[in-house]
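Residue numbers (the numbering used here), protein chains in the order written: chain A, 98 to 348; chain B, 236 to 606.
Just so you know, the hints here were simulated from the structure itself, not pulled from any lab data.
This structure is a prediction, so every number in the text was calculated from the model and none was measured.
Honestly, I wouldn't trust all of these hints.
Listed below are the simulated EDC-like cross-link pairs for lysine to aspartate or glutamate, each with C-alpha atoms no more than 16 Å apart in a straight line [said to hold, decoys possible]:
hint : chain 1 : residue 1 : chain 2 : residue 2
1    : A       : LYS344    : A       : ASP268
2    : A       : LYS247    : A       : GLU271
3    : A       : LYS188    : A       : ASP222
4    : B       : LYS384    : B       : ASP394
5    : B       : LYS241    : A       : GLU204
6    : B       : LYS237    : A       : GLU210
7    : B       : LYS331    : B       : ASP319
8    : A       : LYS275    : A       : ASP154
9    : A       : LYS188    : A       : GLU128
10   : A       : LYS125    : A       : ASP309
11   : A       : LYS190    : A       : GLU219
12   : A       : LYS192    : A       : ASP164
13   : B       : LYS251    : A       : ASP187
14   : B       : LYS311    : B       : ASP394
15   : A       : LYS190    : B       : GLU438
16   : A       : LYS188    : B       : ASP394
17   : B       : LYS242    : A       : ASP268
18   : A       : LYS188    : B       : ASP260
19   : A       : LYS304    : A       : ASP106
20   : A       : LYS190    : A       : ASP164
21   : A       : LYS114    : A       : ASP309
These are the residues of each chain, in order.
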Amino acid sequence: MKDILKVSDLTKSYGGKQVVKGISFSVKQGEIFGILGPNGAGKTTTLEMIETIRPIDGGQAILNGIDVSKNPQKIKYIIGVQPQTPAFQDKTKLKELIEMFASAYGEKVNAAEFLADVGLTEKADSFVETLSGGQRQRFSIAAALVHSPKVFFMDEPTTGLDPQARRNLWDLVEEIRKKGITVILTTHYLEEAEVLCDRVAIMDDGKIIALDTPKNLVKQLLAKGFKKKQVVEQASLEDVFIDLTGKALRD
Amino acid sequence: MKGMFKKLFPVGVFAKVSLNRYRRDPLALFFTVVFPLIFLFIFGGLFGSGGGVSFRVALINQSNSDFANNFVQQAKDSKVLKVDSGINNLDSAKEKMKRSELDAAIVLPAGFGATNGKAYPNGQAQVVYTQNNQQAGQTLVTVLDGEFKGVNAKFVSTDVPFTVVGEQTNDQSLKQFDYTFSGLLGFSLIGLCIFGPVNVFPELKRQGVLRRISTTPIKVWQYFMSNVASQVVIGLGAVLVQFLVATFLFHLNLVGNVLELAFFITLSIIMLLGIGLAIGGWAKNARQAAPLSNLVVFPMMFLSGTFFPRFLMPEWLQNVSAFLPLTPVIDGIRLIATEGKHLIDLGPQLGLIGIWLVVVYFVAFRVFRWE
Numbered sequence: 098m099k100d101i102l103k104v105s106d107l108t109k110s111y112g113g114k115q116v117v118k119g120i121s122f123s124v125k126q127g128e129i130f131g132i133l134g135p136n137g138a139g140k141t142t143t144l145e146m147i148e149t150i151r152p153i154d155g156g157q158a159i160l161n162g163i164d165v166s167k168n169p170q171k172i173k174y175i176i177g178v179q180p181q182t183p184a185f186q187d188k189t190k191l192k193e194l195i196e197m198f199a200s201a202y203g204e205k206v207n208a209a210e211f212l213a214d215v216g217l218t219e220k221a222d223s224f225v226e227t228l229s230g231g232q233r234q235r236f237s238i239a240a241a242l243v244h245s246p247k248v249f250f251m252d253e254p255t256t257g258l259d260p261q262a263r264r265n266l267w268d269l270v271e272e273i274r275k276k277g278i279t280v281i282l283t284t285h286y287l288e289e290a291e292v293l294c295d296r297v298a299i300m301d302d303g304k305i306i307a308l309d310t311p312k313n314l315v316k317q318l319l320a321k322g323f324k325k326k327q328v329v330e331q332a333s334l335e336d337v338f339i340d341l342t343g344k345a346l347r348d
Numbered sequence: 236m237k238g239m240f241k242k243l244f245p246v247g248v249f250a251k252v253s254l255n256r257y258r259r260d261p262l263a264l265f266f267t268v269v270f271p272l273i274f275l276f277i278f279g280g281l282f283g284s285g286g287g288v289s290f291r292v293a294l295i296n297q298s299n300s301d302f303a304n305n306f307v308q309q310a311k312d313s314k315v316l317k318v319d320s321g322i323n324n325l326d327s328a329k330e331k332m333k334r335s336e337l338d339a340a341i342v343l344p345a346g347f348g349a350t351n352g353k354a355y356p357n358g359q360a361q362v363v364y365t366q367n368n369q370q371a372g373q374t375l376v377t378v379l380d381g382e383f384k385g386v387n388a389k390f391v392s393t394d395v396p397f398t399v400v401g402e403q404t405n406d407q408s409l410k411q412f413d414y415t416f417s418g419l420l421g422f423s424l425i426g427l428c429i430f431g432p433v434n435v436f437p438e439l440k441r442q443g444v445l446r447r448i449s450t451t452p453i454k455v456w457q458y459f460m461s462n463v464a465s466q467v468v469i470g471l472g473a474v475l476v477q478f479l480v481a482t483f484l485f486h487l488n489l490v491g492n493v494l495e496l497a498f499f500i501t502l503s504i505i506m507l508l509g510i511g512l513a514i515g516g517w518a519k520n521a522r523q524a525a526p527l528s529n530l531v532v533f534p535m536m537f538l539s540g541t542f543f544p545r546f547l548m549p550e551w552l553q554n555v556s557a558f559l560p561l562t563p564v565i566d567g568i569r570l571i572a573t574e575g576k577h578l579i580d581l582g583p584q585l586g587l588i589g590i591w592l593v594v595v596y597f598v599a600f601r602v603f604r605w606e
C-alpha cells in the first residue's frame with residue numbers, strides 16, 4: 098500500500114512554547130491510523146495543521162502528493178474533518194446542513210442518503226440542537242463525508258459517549274474504511290485504538306514516542322519482561338456492562 | 236460563466252438556509268420587524284396627528300353673558316385650543332403653568348360680552364402666560380385678536396384700506412412625520428445590518444460553527460455574499476412592513492418611485508452590513524464586539540438624523556456628520572420617498588455610499604477570522 102500522507106519534522110509553537118516538536122510519520126492508503134496520547138500531547142494541533150486549519154510552523158505535510166502548506170485549498174477538497182466538538186448552527190434542519198456542506202464543495206447531494214448511512218433518517222427534519230451526543234457525532238461524520246474525501250480526520254470522536262454509542266461509532270468507522278477512505282483519528286481510549294486502528298502513533302509532550310501496530314507495541318513491551326500484577330481476565334468490566342445493558346443504541 | 240455559477244452555488248444554498256433559520260427565530264423576527272415598529276408607533280403618535288399647532292389653555296369665565304358662554308363653548312370645540320376644563324380660577328391655572336402643563340390662561344372678566352351700556356356687546360379678554368411660555372402666549376393673543384376682529388366687523392362695519400391675505404400653495408411641504416420616518420428607517424437598518432452580525436458572528440465563533448465551515452473550501456467572499464443576500468431579503472421585507480404601517484396608519488406621503496427606493500435601500504443595506512461584517516468578523520467574542528459596535532453606532536444614531544433632523548445641529552456638526560455612513564442613507568431615503576427625487580439627483584448620496592462601501596468591505600475582508 099502506498100503512503101497517502103507523509104509528515105516530516107512538523108513543528109508548531111504557541112507564544113514561544115513548542116507544542117509539536119518535529120514529528121514525522123506516514124499513513125498508508127486505506128488504513129485506520131490512530132494518534133494516541135494524554136491530553137495536551139499535541140494530537141489536536143498536529144491534526145489541525147494537516148487539516149489546513151492552523152498554519153504549519155516548520156516541517157512538511159504531503160497529502161496525496163499535495164503540499165498542505167502550499168496548496169491548502171486543494172487539500173480541503175480531498176479531506177473530511179470531524180472536529181473534537183462538532184458544532185453546527187442552530188435552528189437548521191439536518192438535511193439543510195448536509196446540503197449546505199455539500200454546496201461548499203460545489204456539490205448537490207441527496208441528503209437523505211447520507212443521513213441513512215449514519216442511521217439518522219428519521220432526524221432529517223430535526224434541528225441539530227435536539228440531537229444526543231452520539232447522534233451529533235454520527236451527524237458530524239455524515240457532514241464530513243458529503244464530498245467523498247480521500248482522507249477522513251476524526252479528533253477524539255468517542256469522547257463523552259456511552260459504551261453503546263462508542264461501539265456503534267467503531268462500526269461506522271469500519272464502514273467508512275470499507276469505502277476506501279483512509280481514517281486518521283486521535284483518541285485517549287486505549288482499547289479504542291486497540292480495536293480500531295491498524296497502526297497507532299503514541300504521542301507525548303509534542304513528540305511521537307512509539308509507532309507500530311497495537312499488537313507489535315504490546316509484544317515489544319512483553320519482550321522487555323513486562324508483567325501485569327493481576328492475572329488478565331478473559332472479560333473486562335466494560336464487557337460486563339455491555340452484556341447487561343445490550344448493544345442497542347440509546348439515543 | 237459556468238465557473239462563476241459554480242462559485243455562486245454555495246452562496247445561494249447558504250443564503251437560503253440562513254433565511255430559513257431566520258424564519259424560525261422569533262427573537263430575530265422581533266428585533267428586525269417588531270422593534271422598529273415600536274419606534275414607528277411612538278414617533279408616529281407624536282407627529283402623526285395632523286401636525287397642527289394647538290395650545291393647552293385654561294379658560295376662566297367670570298362673566299355670565301351669552302356672548303361669554305358662547306365663546307367658552309366655541310373654544311371647547313376648537314382644534315387650536317385644548318381647554319383644561321378642570322380649572323376655574325387663575326391661581327390654579329398659574330400653578331399648572333409653572334409646571335408647563337398649560338401654555339396660557341384665557342380670562343374673561345366679569346361683564347365680558349355684556350352690552351355695558353353700548354349698542355353692542357364688548358369687553359376685553361386677558362391672556363395670562365409665564366415668562367417661559369412667551370411664544371405660545373403671544374401667538375395666542377394674536378390668534379384671539381384675529382378672532383375678535385372678525386366678530387367686531389359684524390357689529391361695526393369699518394372701511395379697511397389695506398389688508399393682507401395668506402394663501403397656501405398646492406405644494407405639500409414635508410410633514411414632521413415624513414421627516415422622522417426616513418430617520419426611523421435608518422435606525423432600523425442599523426439594527427439589522429450592524430447589531431445583527433455583531434451579535435451573531437462572535438456567538439458562531441464561540442460555538443465553533445465558523446471553524447467547522449472554514450474546513451470546507453468555501454471562501455470568505457462567498458460566505459460574506461451569502462450573508463449579504465439573505466440580509467437584503469430580510470431588510471427589504473422589514474422596510475416594506477414599516478412603509479405599509481407608516482402609510483396606512485400614519486398617512487406617510489410616499490411620492491417617489493418604489494423601484495428606485497428599493498434599489499437605494501438595497502445598496503444601503505449592503506454598505507451598512509459591511510460595517511457589521513467587519514466588526515462581527517473581527518471580534519473573537521461578544522466582549523470585543525459590543526464596545527466597538529457601540530462606538531461606531533452611537534455617533535451615527537445621534538448625528539445622522541435618525542431621531543432628530545440634522546438641520547437642527549450647529550453648522551460645524553452638520554458638516555462633520557454629513558460624512559457618516561448613515562447620513563447619505565437617511566437623506567437619500569427621504570429625498571426619494573417623500574420628496575420624489577430620482578437616483579440621478581442623488582449623486583452626492585450615492586457617491587458617499589459607494590466610498591463607504593469600498594472602505595468597509597476592504598476592512599471587513601482584512602480583519603475577518605473564522606474563530
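Checked hints:
1. A:LYS344 with A:ASP268: 12 Å, holds
2. A:LYS247 with A:GLU271: 15 Å, holds
3. A:LYS188 with A:ASP222: Within the cut-off at roughly 10 Å; holds.
4. B:LYS384 with B:ASP394: 13 Å, holds
5. B:LYS241 with A:GLU204: 9 Å, holds
6. B:LYS237 with A:GLU210: Answer violated: B:LYS237 to A:GLU210 is near 27 Å, above 16 Å.
7. B:LYS331 with B:ASP319: At roughly 10 Å apart (the allowed maximum being 16 Å), B:ASP319 and B:LYS331 satisfy the hint.
8. A:LYS275 with A:ASP154: Outside the cut-off at roughly 34 Å; violated.
9. A:LYS188 with A:GLU128: The given pair, whose Cα atoms are some 37 Å apart, is violated under the 16 Å limit.
10. A:LYS125 with A:ASP309: Distance ~12 Å between A:LYS125 and A:ASP309 Cα, so the pair holds.
11. A:LYS190 with A:GLU219: 12 Å, holds
12. A:LYS192 with A:ASP164: With a Cα-Cα distance of about 33 Å, the restraint between A:LYS192 and A:ASP164 is violated, given a limit of 16 Å.
13. B:LYS251 with A:ASP187: 15 Å, holds
14. B:LYS311 with B:ASP394: Not satisfied, since the Cα-Cα distance of roughly 32 Å exceeds 16 Å.
15. A:LYS190 with B:GLU438: 19 Å, violated
16. A:LYS188 with B:ASP394: Distance ~81 Å between A:LYS188 and B:ASP394 Cα, so the pair is violated.
17. B:LYS242 with A:ASP268: Measuring from Cα to Cα gives roughly 36 Å; hence the hint is violated.
18. A:LYS188 with B:ASP260: 7 Å, holds
19. A:LYS304 with A:ASP106: Holds, at roughly 10 Å.
20. A:LYS190 with A:ASP164: Cα-Cα ~36 Å, so violated.
21. A:LYS114 with A:ASP309: 28 Å, violated
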